[in-house]
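If you're matching them up, the sequences are chains A and B in order. Quick note on the working numbering: the first sequence kicks off at 1 and runs consecutively. Quick note on the working numbering: the second sequence kicks off at 1001 and runs consecutively.
Note that these hints are calculated values from the structure, not bench results. Here the structure is a predicted model, which means the values were calculated and not measured. Heads up, a few of these hints could be off.
To be verified - Label-pair ranges, simulated between beta-carbon atoms:
id, chain 1, residue 1, chain 2, residue 2, range
1, B, 1237, A, 623, 56 to 62 Å
2, A, 532, B, 1237, 57 to 63 Å
3, B, 1123, A, 611, 21 to 27 Å
4, B, 1126, A, 623, 38 to 44 Å
5, B, 1071, A, 166, 56 to 62 Å
6, B, 1237, A, 591, 39 to 45 Å
7, B, 1175, A, 611, 24 to 30 Å
8, A, 109, B, 1071, 41 to 47 Å
9, B, 1211, A, 623, 23 to 29 Å
10, A, 638, B, 1203, 30 to 36 Å
11, A, 611, B, 1301, 22 to 28 Å
What the hints assert, rightly or not - A few chain A residues that face chain B, going by a derived Cβ cut-off under 8 Å, partial list only:
id, residue
12, 595
13, 598
14, 635
To be verified - Over 12 Å on every C-beta distance to chain B, these chain A residues come out as not near it, computed from the model:
id, residue
15, 183
16, 325
17, 340
18, 406
19, 596
20, 605
21, 636
Beta carbons: idealized from backbone N, C-alpha and C, even for Gly.
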Amino acid sequence: MSIPVAENLSTGRVVALIGSLALVVAPHAVRIPLWIALIATAVLILRAVLAWQGRGLPSPRLLVMLAIGSIVGIWLSFGMLFNRDAAVALLVLMLCLKMMELRSLRDAVVLILLGYFLVITNFLYSQTLPMALYLLGCVWLITACLVAFQYRSVAPDPRPMLRLSGLMLAQAIPLMLVFFLLFPRVQGPLWGLPQASASALSGLSDSMSPGSLSNLSLSDAVAFRVEFDSPPPKPNKLYWRGPVLWDFDGRTWRGGDAAPRVGRDIETAGTPIRYTITLEPHNMRWLFAIDLPAQRLEGALQTQDFQLLSIRPVRARQRYAMSSYLDYRYGANEPRRNLARALQLPEGFNPRARKLAADLYARSSTPDEVVQSVLALFRGQPFYYTLVPPELGRDNIDEFLFETRRGFCEHYAASFVFLMRAAGVPARIVTGYQGGVLNPIGNYLIVRQSEAHAWAEVWMGDEGWVRVDPTAAVSPMRIEAGIAGAVPAGDPLPLMVRTDSEWLKRLRFSWDAAANGWNQWVLGYTPERQMQMLQRAGFTRPNWQNLAVALMAVTSFVTAILCMLLLARLRRRVPDPVLSPWLVLQAKLTRIGLGPRPGEGPVHWSDRAATALPAEAADRLRTLADLYVRLRYGRDRVKGREVAELRRGVRALRV
Amino acid sequence: MNSEIRPVLTAIGRIILGKERQVRLTCACLLARGHLLIEDLPGVGKTTLAHALAKALGLDFQRVQFTSDLLPADILGVSVFDRESGAFKFHPGPIFSQVVLADEVNRATPKAQSALLEAMEEHQVTIEGETRKLPEPFFVIATQNPSHQVGTFPLPESQLDRFLMRIQLGYPDATAERALLSGSERRDMIDELTAAIDPAGLVELQRRVREVHAAPALLDYVQALLAHTRRSADFITGLSPRAGLSLLNAARAWAFMDGRSAVLPEDLQAVLPPVAGHRLHAANGYARLSSDDLAGKLIAEVPIP
């Protein structure tokens, strides 16, 4: 059995609605189970074909069975837990099934309202600027569909509908801003949603083995963005301290059991540089800062090896102000236990490297000489810096030092620290980021995952812990000019760090500046910022009641302004010299209940009104009506004298 | 009231009782050089009206009864071989008269209908490759029976558009009917009727109708009416530009008959129901409204600029 479709749902409109709603659902396609995505696609295509061929729709009984089947299927897929994903999957399925019920204007409106709701559900998953722009486009399209369904006549041209829809959205912008700024906010990201914590996010980890950092370098995801209060330091000073690694098991370096810092064995020189970091979520606890962080942070602890650890893993974008000293000396009184830890090496690995270290130790008298001779070794022998190093086996330090000699910063740092320890100099690996790209458009520094770096710190007695970057010995360009300048041509590099074309670079910078602005001002508009703004607006002790009052007041104000603008557009016509006295006359008679009826012409109206007036006034009214009709509709040119006469007559008429 | 038209209306009014408005509309239609469609039941005086009009204006009159076997040649005429002259001789059909009554036009096949409608539109007919002018003035009154639609070919919308006006006559009121019943035979009265005007005079009147002034303010009103039908959700299709022109011309004739040299909003409103009624189609909710009601709704909804 099939049921015919109402006439005003023309093919074009139905197909346009299907297309617009498909665009709304599209971002969900990868998030819902595959079977639902397939069913949804099939139903949408089938509905479009039915509309195209002008065929009827399936019977309600079939649809009820399909709906029950879908609910059972969702229950099987998600189990008893009715969470966000299950709700979205159910909504998508029901939207598609409702499509099969699209028979009347009412159904279309229901579908469109459901479409608006689905637009919102997309923000549960992604709140990026591109997604916001995409969904804005979707709202524009479905609003145009809503407009289109209000036209009963056949109107194949979609442009006026799109224009009207766009105009409506534009008119909504002031109210949108008011609500954004003033609607009482809840703590957390947009709508206080729990972020998907299991999702894989790239970033540094608390261990390092050959290949782990070079893999990270292939990602152009942003690690964090930095705004400096003063001009940023030179690139070779930009060492962003992250995990510090102590323990080596022959293949992997590990950190861990970081004790909080106690005491104060730090000497500094110069003034600290101040900056603000906006850290992207990476699900780990590290907060990055330039060596050497000069202050403590609320909600974070500082370990004795100067890592900054957040109390909780960083699951949402976080903004913090920091300051750092570039000239410093620390760790001269390092506890013995730590120095012993900075010397331990596993037995039975890398015999050739141990022998080399023993030779160096024998030839040198101070730790500094050992350091210099190893750096000279890296400089002197044919070592290459590359993002795609060869695979290494069990004795990876040996193989790297004596055979392949091609490696990324982790290889250099690891073998350097190994040689130091083998030569009796306490050393450890520091991982983090190095450098960053200044975005001239927003005037902030972007640090990407591709800037991940590993370097070494050696302990030199009274000097304390001293940073040594063996990568700088092999490839000074890496430190001075960033990763893109250091990697040989032909090596894979993430798109975002390439330097080939100037306009592409500008475009990337503009885009990043826009995304950063979005993060800072839209997503980062927290309850605290809202309260700050209210304080600046004059509320001494702002609370949500203030907000509600302000919201209502500003909303009424904005609505009134909009109404006045629209009214002014209606009234903008130049007043007609003949018409305006006539309107005055009509108003006069309307006051005594003799105004014109809807659509009543001047002759009919004046005749009718005249019969209800005293004789003299009736005569005057008839004369005025004759004059008006002659002036307004007559063939002769309008004479100023007659217009004046009309105006006088209207003024003189007493009723 | 225009002094040249008044005697015509008086003369017809003596025969068609109680239908002043319809008679006036018929005259306005003729003066605006349009054609008229009367949709009504048999026996309410359609033929009498057409005949009386022709007689009062001094025009010759032909009536064609449309049937399902009517051929275009029955309307337009046919060439027959003349044995004496040895050549084909054209015998003009009933269309070659100044007033043509096409009775029950929906009974004929679309082919015969279109022969009539093309002649109406072009004021000329082409038969066997030869174009022949129709007489001036030329006025077609077609009638259509709204009920008993079995075996008929209702005129499609595009053809309806060719008629300037569509009117209904309706039953006469009690007084008029009493007078009708007690009076003498209508046919005899028509025969006794004398022409109040000659064809050349009528053509002159038609020319003067075209000169009636339509002020910018009035054109604004016409446009507002048209725009409303196109924008409003209450109508399935809006009025075409041709409908707008028809409205204006009919209003000119109405104003002229009222003895004025310029069109007033009231003139537009007076001719709006018969001119726009058959061109408008109400959307779902208003399907039950008659064309008069629709026009009334339109007038009430559009403010006069």
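Verification of the supplied hints:
The given range of 56 to 62 Å is broken by residue 1237 of chain B and residue 623 of chain A, whose C-beta atoms sit roughly 43 Å from each other. Between residue 532 of chain A and residue 1237 of chain B the C-beta distance comes to about 58 Å, which sits within the given range of 57 to 63 Å. About 46 Å separates the C-beta atoms of residue 1123 of chain B and residue 611 of chain A, a value inconsistent with the hinted range of 21 to 27 Å. Between residue 1126 of chain B and residue 623 of chain A the CB atoms are about 56 Å apart, so this pair departs from the stated range of 38 to 44 Å.
One distance hint, 56 to 62 Å for the beta-carbon pair residue 1071 of chain B and residue 166 of chain A, holds here, with the actual separation near 58 Å. Distance hint for residue 1237 of chain B and residue 591 of chain A: a CB-CB separation of about 41 Å, consistent with the stated range 39 to 45 Å. Look at residue 1175 of chain B against residue 611 of chain A: about 25 Å separates their beta carbons, and that is inside 24 to 30 Å. At about 53 Å, the beta-carbon gap between residue 109 of chain A and residue 1071 of chain B misses the expected band of 41 to 47 Å.
Range check, residue 1211 of chain B to residue 623 of chain A: Cβ separation about 27 Å, and the 23 to 29 Å hint holds. Under the hint 30 to 36 Å, the C-beta atoms of residue 638 of chain A and residue 1203 of chain B, about 33 Å apart, fit the expected range. Taking the beta carbon of each, residue 611 of chain A and residue 1301 of chain B are about 26 Å apart, inside 22 to 28 Å as hinted. With 8 Å as the threshold, the beta carbon of residue 595 of chain A stays out of range of chain B, its nearest partner Cβ sitting at about 12 Å, so the hint is violated.
Below 8 Å, beta-carbon pairs count as interface contacts, and residue 598 of chain A has one with chain B at about 4 Å; its hint therefore holds. Interface restraint check: residue 635 of chain A against chain B, minimum CB-CB distance 4 Å, threshold 8 Å, status holds. No beta-carbon of chain B comes within 12 Å of the beta-carbon of residue 183 of chain A; the shortest separation is about 34 Å. No Cβ of chain B comes within 12 Å of the Cβ of residue 325 of chain A; the nearest lies about 72 Å off, and the non-interface call holds.
Look at residue 340 of chain A: its CB is around 87 Å from the nearest CB on chain B, clear of 12 Å, so calling it non-interface holds up. A cut-off of 12 Å between C-beta atoms confirms that residue 406 of chain A is not in contact with chain B; the least separation is 74 Å. Once the 12 Å rule is applied to beta carbons, residue 596 of chain A is inconsistent with being away from chain B; the minimum gap is 8 Å. The Cβ of residue 605 of chain A sits about 9 Å from the closest Cβ of chain B, inside the 12 Å cut-off, so the non-interface label is violated.
Not every CB of chain B lies more than 12 Å from the CB of residue 636 of chain A, the least distance being 9 Å, so the non-interface label is violated.
Hint check: violations occur at hints 1, 3, 4, 8, 12, 19, 20, 21; the rest are consistent with the structure.
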